[in-house]
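Asks: Produce the complete structure using the sequences and hints provided.
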Amino acid sequence: QKEVEQDPGPLSVPEGAIVSLNCTYSNSAFQYFMWYRQYSRKGPELLMYTYSSGNKEDGRFTAQVDKSSKYISLFIRDSQPSDSATYLCALPVNDMRFGAGTRLTVKP
Amino acid sequence: EAGVVQSPRYKIIEKKQPVAFWCNPISGHNTLYWYRQNLGQGPELLIRYENEEAVDDSQLPKDRFSAERLKGVDSTLKIQPAELGDSAVYLCASGGAGNTIYFGEGSWLTVV
Numbered sequence: 001q002k003e004v005e006q007d008p009g010p011l012s013v014p015e016g017a018i019v020s021l022n023c024t025y026s027n028s029a030f031q032y033f034m035w036y037r038q039y040s041r042k043g044p045e046l047l048m049y050t051y052s053s054g055n056k057e058d059g060r061f062t063a064q065v066d067k068s069s070k071y072i073s074l075f076i077r078d079s080q081p082s083d084s085a086t087y088l089c090a091l092p093v094n095d096m097r098f099g100a101g102t103r104l105t106v107k108p
Numbered sequence: 001e002a003g004v005v006q007s008p009r010y011k012i013i014e015k016k017q018p019v020a021f022w023c024n025p026i027s028g029h030n031t032l033y034w035y036r037q038n039l040g041q042g043p044e045l046l047i048r049y050e051n052e053e054a055v056d057d058s059q060l061p062k063d064r065f066s067a068e069r070l071k072g073v074d075s076t077l078k079i080q081p082a083e084l085g086d087s088a089v090y091l092c093a094s095g096g097a098g099n100t101i102y103f104g105e106g107s108w109l110t111v112v
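In order, the protein sequences belong to chains D and A. The first sequence begins at 1 in the numbering used here and counts up by one. The second sequence begins at 1 in the numbering used here and counts up by one.
What the hints contain is simulated information worked out from the structure, not anything from laboratory work. Worth double-checking, as some hints may not be accurate.
Unchecked claim - The calculated DSS-like cross-link candidates involving lysine-lysine, where the alpha carbons are at most 30 angstroms apart (straight line), are:
no.: 1; chain 1: A; residue 1: K16; chain 2: A; residue 2: K62
no.: 2; chain 1: D; residue 1: K2; chain 2: D; residue 2: K56
no.: 3; chain 1: A; residue 1: K11; chain 2: D; residue 2: K42
no.: 4; chain 1: D; residue 1: K70; chain 2: D; residue 2: K56
no.: 5; chain 1: D; residue 1: K70; chain 2: D; residue 2: K2
no.: 6; chain 1: A; residue 1: K16; chain 2: D; residue 2: K56
no.: 7; chain 1: D; residue 1: K2; chain 2: D; residue 2: K42
no.: 8; chain 1: A; residue 1: K15; chain 2: D; residue 2: K70
no.: 9; chain 1: A; residue 1: K78; chain 2: A; residue 2: K16
no.: 10; chain 1: A; residue 1: K62; chain 2: D; residue 2: K2
no.: 11; chain 1: D; residue 1: K56; chain 2: D; residue 2: K107
no.: 12; chain 1: A; residue 1: K62; chain 2: A; residue 2: K15
no.: 13; chain 1: D; residue 1: K67; chain 2: D; residue 2: K56
no.: 14; chain 1: D; residue 1: K42; chain 2: D; residue 2: K56
no.: 15; chain 1: A; residue 1: K62; chain 2: D; residue 2: K42
no.: 16; chain 1: D; residue 1: K2; chain 2: A; residue 2: K71
no.: 17; chain 1: D; residue 1: K107; chain 2: D; residue 2: K42
no.: 18; chain 1: D; residue 1: K107; chain 2: A; residue 2: K62
no.: 19; chain 1: A; residue 1: K11; chain 2: A; residue 2: K62
no.: 20; chain 1: A; residue 1: K62; chain 2: A; residue 2: K78
no.: 21; chain 1: A; residue 1: K11; chain 2: A; residue 2: K78
no.: 22; chain 1: D; residue 1: K42; chain 2: A; residue 2: K71
no.: 23; chain 1: A; residue 1: K15; chain 2: A; residue 2: K78
no.: 24; chain 1: A; residue 1: K11; chain 2: A; residue 2: K71
All values reported here derive from a predicted model rather than from experimental measurement.
Replies: Structure representation (structure tokens):
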């Protein structure tokens, strides 16, 4: 079993839709939870991070963590074509452990 | 503030040839990482440096891969000889205090 599991998609939604991206993890030692966004032919860039269970909001993005079920989510409200990218959940230990990434396309 | 700088961005080589990638981390970041990302997958750690010391190289295929970080700043990752399966994106990242790391734009390697 991989430490971090993420559905690779691809996921295609119309502009304005609410997007839900999810990961599960197996190691209870993970304390921080991060989301990176990776545009085509670019390196991953940090989008959001959270420490505790619950929700953290940043504009149209909400990160949600449920430590009891080892489940993390990223919600995108009012999705835009510019949100089209691969979204990677990431959990730091000594290095960053990544999910496979979900490829999202937002169609105008 | 300048980000993580990597070169070359793209490289096409024939199998059995050598290749080297260079990385300049964010100024002041003591931790430097090399990751490999295969198509459709997340990045996987190859090696992690704390200053000039390689503290985790357990995933580095040492028969053909080598890395160095002289003076605890720039780093070079070398593959010799390259194999077809080495085609991937090689990502350098750096981190300071805290848990976040910052990536360069990657070096795209195609082995033919």
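Asks: Hint by hint, where does the structure go against what was stated? Just the numbers, ascending.
Replies: Going through the list in order, the structure violates hints 6, 8, 16, 18 and respects the others.
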